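Asker: The listed protein sequences correspond, in order, to chains F and D. The working numbering puts the first residue of the first sequence at 1, with every later residue one more than the last. The working numbering puts the first residue of the second sequence at 1001, with every later residue one more than the last.
Warning: the hint list may mix true and false statements.
Stated by the list, open to error - Derived DSSO-like pairs: lysine-lysine, alpha-carbon spacing no greater than 27 angstroms straight-line: (1) D:Lys1006 x D:Lys1069; (2) D:Lys1140 x D:Lys1060; (3) F:Lys73 x D:Lys1122; (4) D:Lys1006 x F:Lys39; (5) D:Lys1027 x F:Lys73; (6) F:Lys39 x D:Lys1084; (7) D:Lys1060 x D:Lys1027; (8) F:Lys73 x D:Lys1069; (9) F:Lys39 x D:Lys1033; (10) F:Lys39 x D:Lys1027.
Note that these hints are calculated values from the structure, not bench results. Model, not experiment: these values are computed from the prediction.
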Amino acid sequence: MRLLAALALALVLAAPAAASERHPTLGELEGEVMCPTCKTTLDQSTAPIADRIRQFISARIAAGDTKSEIKRKLVTQFGPAVLAEPSKHGFNLLAWVLPLVAAGIAAVVVGVLAWRWSRGRGSPAVAGGPPLDPELERRVDEELARFDG
Amino acid sequence: MPARLKIGLQALSVAVVAGLLALLVWKVVHQGKGAAGELAKGKTPPAPHFDLARIDTSGKLSLASLRGKVVVLNFWASWCAPCKSEAPRLEAAWKRYRSQGVVVVGVDAQDFTGDARRFIRKHGLTYPNVHDGPGNVLPKYGVTGFPETYFVDRRGRLVGERVEGEISSERLVSGIKQALES
């Protein structure tokens, strides 16, 4: 039952992505493609080349290209920097991996510090206290035994 | 946490922040000047190398292959209005001075190759043109806009002035003469 629910959820989430891949809109691509001269996304730019790229994207959408095909054609013309997101291979993979690694390290550091802090607060008197006198310890044990009995 | 470890981590954090700050300063100081910065100081820096695909024909063209000739290097794009106005002047200069060992080379950057080819056909350009779609060569020269023109002497050095914006016939001829005499 749980497996079915997970599959249904995956399908619900994947459906819009697949639709966007097959039938992209100019609006969404404007946010994913950079203007080469102004170094902002197309939706932020009114430069002549941004207008020309918008025109190109509209023509490719009308011709039935998928989002990946349009992006590939733009990369052929302008290089990988025309994409707002770095690619997920080669050196650019670092841009995806490093934030995750940094978040992981930060979580471990915070976890270790929290654990140490909570342990330190729990037994303040035990750490560093002088050892009990054997005679006193024996008497405490006797008192406790009598109390328990 | 042991005091020594704590101090070590603090020192590491300060070093990382200082390193990032130094990188930022270096980037700001060195950004966008390229060879044009040296040229502006009156120096004659070597023209930065490129080896780019031709758009007027097949194959590639490297700047090094033109050593021994004077090169008029014109950065342009089909969507740039002043580039259209100056194109006939560059073509005229190419026809007039090619017998003296002068080559005009157009570097079409941040542009669609199809648009660039149409531009070349429309303006009847016969000098070699290459395509730098990503604009990788631009920062090496310090190009800040289109059009921009540089003059390279027979020894491969940038000489004369960098012309930002549409070039006039007078400045074009003056630049070529200066490069020929250099």
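Asker: If you check each hint against the structure, which ones fail?
Answerer: 1, 4, 5, 7 and 8
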